[in-house]
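Enquirer: Sequence:
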Amino acid sequence: MDSGIECALSKFADNTKLCGAVDMLEGRDAIQKDLDLRLERWDHVNHMKFSKAKCKVLHVGQRNPKHSYRLSREWIESSPEEKDLGVLIDEKLNMSWQCALAAQEANHVLGCIKSSVTSRSREVILPLYCGLVRPHLEYCVQLWVPQYRRDIELLEQVQRRPRS
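Residue numbers (full-length UniProt numbering): 1 to 164.
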């Protein structure tokens, strides 16, 4: 599938992502060419169809001209945000929604711990927190590191909750 691809192509399990810069028309044409000639050909040769319902275009950047693209003669739907391997990414690369999502998931797990564990001792709560709550706060944090004070405060509030 990779041979002849002009744009960046990443694959993981059953996910395929095609990325390219569209600051000029050549970038748009390169993406469409890769969709038409390479991904469609791979689809046909391997008898494996891309799920058109799962195909999305995420336009990143303020000056992105937001071109439309086709796969197998069908227009691909544009989306303002997409979840990729558990990380929510929007068109402005604003990670506030991801911070809120991580805090919500961590709070949910904390609530489950609080309702199912009677002991509040450090020896009991700390291993549960480290094993069940922290992974939600730390998963891919290198990518979605909080950018705004309010996001940092939200995540710190979740971390203070077991002590209260």
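What the hints contain is simulated information worked out from the structure, not anything from laboratory work.
Some hints could be false.
Unchecked claim - Computed cross-link-like contacts, DMTMM-like style, restricted to lysine to aspartate or glutamate with a CA-CA straight-line distance of at most 25 angstroms:
no., residue 1, residue 2
1, 66, 26
2, 11, 34
3, 11, 91
4, 17, 138
5, 52, 6
6, 49, 105
7, 114, 84
8, 92, 81
9, 66, 40
10, 17, 90
11, 52, 90
12, 52, 91
13, 49, 23
14, 114, 90
15, 17, 82
16, 114, 91
17, 83, 156
Values in this document were obtained by computation on a predicted structure and should not be read as measured data.
Enquirer: Hints first: check each against the structure and report whether it holds.
Expert: Here is what the structure says about each hint:
1. Only pairs whose Cα atoms come within 25 angstroms are accepted, and residue 66 paired with residue 26 is accepted, the gap being roughly 14 angstroms.
2. The suggested pairing of residue 11 with residue 34 holds, with an alpha-carbon distance near 15 angstroms, which does not exceed 25 angstroms.
3. The hinted pair formed by residue 11 and residue 91 meets the criterion: a straight-line CA distance of about 21 angstroms does not exceed 25 angstroms.
4. This hinted pair checks out: residue 17 and residue 138 have alpha carbons roughly 24 angstroms apart, not beyond 25 angstroms.
5. For a cut-off of 25 angstroms, the pair hint linking residue 52 to residue 6 stands: about 22 angstroms separates their Cα positions.
6. Taken as a hint, the residue 49 and residue 105 pair is broken in the structure, with Cα atoms around 34 angstroms apart against an allowance of 25 angstroms.
7. Our distance criterion of 25 angstroms between C-alpha atoms is broken by residue 114 and residue 84, whose separation comes to about 30 angstroms.
8. Proposed proximity of residue 92 and residue 81 is supported: the alpha carbons are some 9 angstroms apart, at most 25 angstroms.
9. For the proposed pair residue 66 and residue 40, the alpha carbon gap of about 22 angstroms is at most 25 angstroms, so the pair holds.
10. Our distance criterion of 25 angstroms between C-alpha atoms is met by residue 17 and residue 90, whose separation comes to about 15 angstroms.
11. A threshold of 25 angstroms between alpha carbons decides the hint, and for residue 52 with residue 90 the separation of about 20 angstroms falls inside it, so the pair holds.
12. This hinted pair checks out: residue 52 and residue 91 have alpha carbons roughly 21 angstroms apart, not beyond 25 angstroms.
13. Of the pairs offered as hints, the one joining residue 49 and residue 23 is violated, with about 30 angstroms between alpha carbons and a cut-off of 25 angstroms exceeded.
14. At most 25 angstroms may separate the alpha-carbon atoms for a hinted pair to count; residue 114 and residue 90 exceed this at roughly 33 angstroms.
15. A hinted pair counts as satisfied when its Cα atoms are at most 25 angstroms apart, and residue 17 with residue 82 qualifies at roughly 12 angstroms.
16. This hinted pair does not check out: residue 114 and residue 91 have alpha carbons roughly 37 angstroms apart, beyond 25 angstroms.
17. Distance hint between residue 83 and residue 156 is fulfilled; the C-alpha atoms sit about 23 angstroms from each other, no more than 25 angstroms.
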